[in-house]
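For chain A, the structure is supplied; the task is to place chain B on it using the hints.
As they're listed, the protein sequences go chains A and B. Under numbering that gives the first Met the number 0, think of the first position of the first sequence as 0, with each following residue one higher. Under numbering that gives the first Met the number 0, think of the first position of the second sequence as 0, with each following residue one higher.
There may be inaccurate statements among the hints.
Said to hold, decoys possible - To give an idea of the chain B side of the interface with chain A (calculated C-beta under 7 Å), a few residues: (1) Ala63; (2) Ser67; (3) Val89; (4) Arg90; (5) Trp269.
In short, the hints are calculated from the structure, not lab data. All C-beta atoms in this analysis are idealised placements derived from N, C-alpha and C, irrespective of residue type, glycine included.
There are 2 protein chains.
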Amino acid sequence: MGKHTKTAGWGTPPEEALRVTVTGPIAAFDPSSTPGFTGDKDSGTALLSERGAVLADLQELLYANGRSGDHRSVLLVLQGMDTAGKGGIVRHVGGLVDPQGLTIRGFGKPTPEELSHDFLWRIHRALPPGGRIGIFDRSHYEDVLPVRVHNLIPKSEWEKRYEMINQFERDLVASGTTIIKCAMVVSKAEQKARLAERLERPDKHWKYNPGDIDERGFWDDYLEAYQAIFDRCDSDAAPWFLIPSDRKWFARLSICELLIHALKGLDLDWPKADFDVEAEKKRVAALTE
Amino acid sequence: MGKHTKTAGWGTPPEEALRVTVTGPIAAFDPSSTPGFTGDKDSGTALLSERGAVLADLQELLYANGRSGDHRSVLLVLQGMDTAGKGGIVRHVGGLVDPQGLTIRGFGKPTPEELSHDFLWRIHRALPPGGRIGIFDRSHYEDVLPVRVHNLIPKSEWEKRYEMINQFERDLVASGTTIIKCAMVVSKAEQKARLAERLERPDKHWKYNPGDIDERGFWDDYLEAYQAIFDRCDSDAAPWFLIPSDRKWFARLSICELLIHALKGLDLDWPKADFDVEAEKKRVAALTE
Numbered sequence: 000m001g002k003h004t005k006t007a008g009w010g011t012p013p014e015e016a017l018r019v020t021v022t023g024p025i026a027a028f029d030p031s032s033t034p035g036f037t038g039d040k041d042s043g044t045a046l047l048s049e050r051g052a053v054l055a056d057l058q059e060l061l062y063a064n065g066r067s068g069d070h071r072s073v074l075l076v077l078q079g080m081d082t083a084g085k086g087g088i089v090r091h092v093g094g095l096v097d098p099q100g101l102t103i104r105g106f107g108k109p110t111p112e113e114l115s116h117d118f119l120w121r122i123h124r125a126l127p128p129g130g131r132i133g134i135f136d137r138s139h140y141e142d143v144l145p146v147r148v149h150n151l152i153p154k155s156e157w158e159k160r161y162e163m164i165n166q167f168e169r170d171l172v173a174s175g176t177t178i179i180k181c182a183m184v185v186s187k188a189e190q191k192a193r194l195a196e197r198l199e200r201p202d203k204h205w206k207y208n209p210g211d212i213d214e215r216g217f218w219d220d221y222l223e224a225y226q227a228i229f230d231r232c233d234s235d236a237a238p239w240f241l242i243p244s245d246r247k248w249f250a251r252l253s254i255c256e257l258l259i260h261a262l263k264g265l266d267l268d269w270p271k272a273d274f275d276v277e278a279e280k281k282r283v284a285a286l287t288e
Numbered sequence: 000m001g002k003h004t005k006t007a008g009w010g011t012p013p014e015e016a017l018r019v020t021v022t023g024p025i026a027a028f029d030p031s032s033t034p035g036f037t038g039d040k041d042s043g044t045a046l047l048s049e050r051g052a053v054l055a056d057l058q059e060l061l062y063a064n065g066r067s068g069d070h071r072s073v074l075l076v077l078q079g080m081d082t083a084g085k086g087g088i089v090r091h092v093g094g095l096v097d098p099q100g101l102t103i104r105g106f107g108k109p110t111p112e113e114l115s116h117d118f119l120w121r122i123h124r125a126l127p128p129g130g131r132i133g134i135f136d137r138s139h140y141e142d143v144l145p146v147r148v149h150n151l152i153p154k155s156e157w158e159k160r161y162e163m164i165n166q167f168e169r170d171l172v173a174s175g176t177t178i179i180k181c182a183m184v185v186s187k188a189e190q191k192a193r194l195a196e197r198l199e200r201p202d203k204h205w206k207y208n209p210g211d212i213d214e215r216g217f218w219d220d221y222l223e224a225y226q227a228i229f230d231r232c233d234s235d236a237a238p239w240f241l242i243p244s245d246r247k248w249f250a251r252l253s254i255c256e257l258l259i260h261a262l263k264g265l266d267l268d269w270p271k272a273d274f275d276v277e278a279e280k281k282r283v284a285a286l287t288e
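The shape of chain A in the complex, shown without the other chains (with noise of 0.2 Å):
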């Protein structure tokens, strides 16, 4: 973090524009804002395609280094209320690069084997593996969220997974993972229209979950428990972004520049052939057609 190089549309490159310790609070924070960037709708869309080019490119280079043995991996935490569109992040931000390079996980309500095991055992078995960018729609950070709203456990419980998660990140990081962890977030007028939406449509009843409305209730709680995860689980290693998301095209672009800035965060370079080369060239130059 901190060095300023230049990103083609923006003022201020969006790792820092929209760095939690940047934004202010996530009560005083405007979810149809475009924090750093300088252009509009149009040049956003236009630039996430060109953009899009550069982290396939990147994301082959991350692949092809984790074939070689490069035990490093990239992991995306995309957190946020209903409606923020998530989904929408792993189709066209995740759809932009090679499928094979990503390990995509979504963590609904535990399972009965999840939840006799610690809160952090399904999320180890889903870390990408060297080489690939996972995602994670939602995470253990739901163990403090819902969990927390709800007090689905006693206070005194989930007091402690803060420094627990803590703990996780530092070891995940010490092993090699990028970690960038995206709160998505949505005004309550553009949640509502998105679940109108969803109802007017049938092709998107499927999406519609009548307990959405339920947790609505719950908004300021939310707005709560997140400032808490910011407050207590952000760092440099394991940075905390929040994203403006009631215009989705400009959370596609950020989401996109802040994998892009972790990628070329990791230096990489094509591997060394661990061949001779020039004896390859000449048993294929010699190969009868």
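For chain B alone, kept in the frame of chain A given last:
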């Protein structure tokens, strides 16, 4: 199979033209041919991008149904000589759809744990859940291809596997999986050119494996082993297709069409809401912003 539905650009639709019962033996097959297709590279490339959108829509429909409890899935099995382009299919055909709806698995040399189980153990564990398109980059057929060519186990053992595979696939189909099996075929000349290119370009060195040249020495044995799986493991319920792969655009277009055909065969509709739509509309309308 056998229904003559018109597929744009195709005189004979690929699910017929490329079926191993129609193409004739692999040893006489032309890997640079474009059976059934009436267009050229430009029209094929344009068609792929158009048909990609159709595939993406059908995949979303499958995913939506999976989320609503439908256990059906589609499994694309990719086999092929080295450099035939299996990875390119994952990237360029898999890349046409939402990566969330894909379950991609590669099968390399079995690990000691995998070897301690029967050969189908690792395959079972990798099957796509309901609502997903699974892509196998190599598969259980490895156990009757290199295993047979190199007699890694006694003939009396691998001989039994054809029927075990048939039984396994029958069970899979009965439980709701649509299976498409594609053998990608390159010519010896094209393979030589691709190997040479991997050596020329340092950004492709990681894809080069000196062992590929050794395997090339067993070309005719592989053709025989492939012909055996077509002769013994092709059925209407789990058909084998020969994909001519000297022209990458044609291989991609063909497999995209085969997936579309499989998904259309499921005759899917958007899942019905399991809640009272009108009541929910009222709840949403009453929400304060």
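Here is what the structure says about each hint:
1. Below 7 Å, beta-carbon pairs count as interface contacts, and alanine 63 (chain B) has one with chain A at about 4 Å; its hint therefore holds.
2. The restraint placing serine 67 (chain B) at the interface with chain A holds, with a minimum CB-CB distance near 6 Å, inside the 7 Å limit.
3. Interface restraint check for valine 89 (chain B): the shortest CB-CB distance to chain A comes to about 5 Å, inside 7 Å, so the restraint holds.
4. Given the 7 Å rule on beta carbons, the hint for arginine 90 (chain B) holds: about 4 Å separates it from the nearest Cβ of chain A.
5. With a cut of 7 Å, the hint placing tryptophan 269 (chain B) at the interface with chain A holds, because the nearest CB-to-CB distance is about 5 Å.
The structure meets every hint from the earlier list without exception.
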